[in-house]
Amino acid sequence: MVTLKPADLAREHGISTQAVRNYERDGFLPRADRTPSGYRVYTEVHAAALRAFLALVRAYGHAMAGQIMNALNEGRLDHALTLVDRGHAQLLRDRETLDSVRKAVGHLTEAPPVSEGPARTIGELARRLRVTPATLRKWEEAGIVVPTRDPATGYRLYQPTDVRDAELAHLLRRGGYLLEHIAEVVRQIRAAGGTEALAGTLTAWQGKLTAQGVAMLEAATQLSAYLRVAEASG
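Counted from 1, the sequence shown has number 113 at position 114 by numbering that gives the first Met the number 0; the numbering is strictly sequential.
Because the hints were derived from the structure by calculation, they are not lab data. All values derive from a computational prediction rather than experimental measurement. Built from N, CA and C at the ideal position, the CB exists for glycine as well. Where hints are given, some of them may not hold.
Beta-carbon label-pair distances, calculated as ranges [what the hints assert, rightly or not]:
(1) T81 <-> L178: 27 to 35 Å
(2) R24 <-> R126: 26 to 34 Å
(3) V40 <-> G175: 41 to 49 Å
(4) T81 <-> A210: 38 to 46 Å
(5) Q89 <-> S223: 19 to 27 Å
(6) V40 <-> R186: 52 to 60 Å
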């Protein structure tokens, strides 16, 4: 069996030998044998594991990649595959949410200009969106909608721009997005004065999802290679 040094593994990926040792310590690589003098002895199994781990990092992030490799190296193949499945499910959910946002932007763009129309009360807006007034108050706390107040009664008044923001927030929430993320999207729209500001964001978002999908394909290839090498050596 061909033996490798930490430097051999590190050189292939342009990382430090200490990083390789850290990955072994954290269970991302199988435990290496030691020489009588204490030096680590790596094999092609470790090289394949490192390729798989780094490909997983690009596809799923460092934390998830580590969990997948930990599971594999502990003999919990089904758990590792479950984690991979969850990553694919999240990517699909993100794609569906992106489609929802595009539809929302299209709907808002086709709607009458936001400068037109009367202000709405919290009850009127809640009925329009089929949510509760408590939900709208939570969105207000998150900075998603910023209603004015009737000077005579103190009641909330939602202007047309608030209605637009609330409609977009409603669709994003249905897509599973957190209030903090929605608030950032709404801030971008407000800063540019309309939904046109979202076009560049959506294009960049699409690009990231495409890149992640391709990275997942590469990760699957490297994972399969690692499993084959590990089985052959065992």
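Now the hints, each set against the structure:
no.: 1; hint: T81 <-> L178: 27 to 35 Å; verdict: 29 Å, holds
no.: 2; hint: R24 <-> R126: 26 to 34 Å; verdict: 58 Å, violated
no.: 3; hint: V40 <-> G175: 41 to 49 Å; verdict: 47 Å, holds
no.: 4; hint: T81 <-> A210: 38 to 46 Å; verdict: 24 Å, violated
no.: 5; hint: Q89 <-> S223: 19 to 27 Å; verdict: 21 Å, holds
no.: 6; hint: V40 <-> R186: 52 to 60 Å; verdict: 54 Å, holds
Taken one by one, the earlier hints fail for this structure at numbers 2, 4, listed in ascending order.
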